[in-house]
Amino acid sequence: MKYVLSLLAGLMLGALAGLALILFNPLTLNQSDPLSNPEWVFNYSLAAEHTWLSTHDDRLEIPVVPRDAPLLWENGVRGSLISAMPLQGESGSPPAAGTRISFASSETEFLRSGLLVEDHWLISVPDVGTLFVHATSNQWPLLRDTLVRVNWLKRSWSGPGRYDPTRGPANAGAEVSGLSGVFRGLRGHGHERLSLESYAGSLDPLTGQLTIKVD
Amino acid sequence: MKRLLQLGFVLGLVGTIVAAYFTPWFEHTRYRSLTSVVNNGGRLEQFVVQLPADRIESVADSRTGDSTTRLSHFKLRDAEGNVIGLAAKHELTVDSSMESSWLLTIPSRGTIALAASSPNLDSIESIVAARGLAAGQSVDQALSIDLPSPANSVATTGEFSDIEFELVETWVVTGVDDDGNIRGTLRLNTIGRQST
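Going down the list, the protein sequences come from chains B and L.
Per my numbering, numbering of the first sequence is gapless, rising by one per residue and ending at 215.
Per my numbering, numbering of the second sequence is gapless, rising by one per residue and ending at 196.
Bear in mind the hints are in silico, worked out from the structure with no lab data behind them.
What you are looking at is a predicted structure, and each value in this text was computed from that prediction instead of being measured.
Glycine residues also receive a C-beta, built at the ideal position from the N, C-alpha and C atoms.
Certain hints may be false.
Claimed, not checked - Here are the computed distance ranges between Cβ atoms for each label pair:
| id | chain 1 | residue 1 | chain 2 | residue 2 | range |
| --- | --- | --- | --- | --- | --- |
| 1 | L | Ala134 | B | Val148 | 33 to 43 Å |
| 2 | L | Ala19 | B | Ser156 | 23 to 33 Å |
| 3 | B | Pro70 | L | Ser67 | 27 to 37 Å |
| 4 | L | Val10 | B | Val148 | 19 to 29 Å |
Just chain L, same shape as in the assembly:
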């Protein structure tokens, strides 16, 4: 009986330690990558943000005088509508140009950090307003707006490592709510090419 107690002790001790090492403590749900090959090489993958459903929070930080930093946070979907990750966008003006930075994070795959610089200081809200859509209004025919300056990846992690990405923002706007927030779909079209 004493031998059995000792045997059980050793088995329990070793089993617990082996489990601590080999247990997959955190496995993130992985959806298949919905990619296609583009004509001139590279891999196209579209990420989608449905607005307002996927808007987490937007912040305008104007603690430093004239300068305002806009922070936007979204849930990120694949082309089939599955929520696969999180996205953040920072916009600020530096030396009279609009600097936009994107962070696309997909827990099961990795992260892409991208940056774009544009001489056009207009926000998407002001572009939409200039197209005649004011707060509280909707349109039957959605407005499709491509932001002119694509963003390019600066850093990547996980399975995105060693891939260079270009990102084009396409806003498909169906309306603006009473608070001035856009309703519609934000399509983030990425083209990835192997780093040279």
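Chain B with its partners taken away, still in its complex shape:
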């Protein structure tokens, strides 16, 4: 019996050491570099009062807006997030409107890539046109600092935090395609930066900045 207990104790210690390695694995905590001199900048906030729509399968720490928005509970869309929000440009730029559809990537693994999310944006600028942005983002650093550290491990928030999650799909970042209006035919790249000033169990205070650089 004592031999079995020794083996089990070893297994548990090894598993805990493995989890610690995964938690602090530097390969999954890498941040991407921002784009230099982007032509377009779009700022947004996840706060309910700055969001038109945000709904998911009710497992995310993001408020559902409006409160009666249908949840994405069906098997085919479970794990997805759809949101729509006003986007603020830099001073002098017209305000835009954005829709974001995201879902966790099946390419996710925790040795090299981290928690990958496929983000799809439609961004419409009044009197100008509409852009499509496809980004692959590693959201593990953000979730590690919030959900894992604060919600699960009951440690205090270490922020404020700044995250540059864009990992692809192109080497230069997100892929941007112009769909309509002045943007039609445009190709470029994009990058997202997330900022979290405080965290008390909800990602409500998260703000983001999407930058676009035309090729």
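Given chain B, work out where chain L should sit, using these hints.
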């Protein structure tokens, strides 16, 4: 006993790391693609939006003067009625033409981004109103309305990569609710052809 403890430690460590790499963390439910071959080549697939059940939220953004951007968001079904994805449509006027952009996202398959441009600035709601159906009214014989300008794909991802799509919107309208929202079925007929 010490050897067993060490052996267990190594097995636990390696097992956890191997699991972190090989575990399929996120597998999206995949329904079979309901496609058929069309006569002149290409693959036809119909996506369906049942209204009002699949309407997630519609937004009219009019922060910039006369210009209004309409954003519509739906759950997307296959022809057998399974919810397989999400769809978003943006409509705005640019240089006196109506620019419509569609985003069809199916987590298990990929994404299609499409765009259409039309000189007709009428929304589907105003087209339905012009056919005599006002808010709060229903019809026994559903109205079938094909929007005149098909949308063409501009970008695709996943298994839709390297396929060019054309999308035709067909609205089968059975009524308009008191808030002015259409009831009925929106059929999104896509024809995909291999990119040349």
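> Can you give the numbers of the hints that this structure goes against, from lowest to highest?
Replying inline: Violated hint (a single one): 1; every other hint is consistent with the structure.
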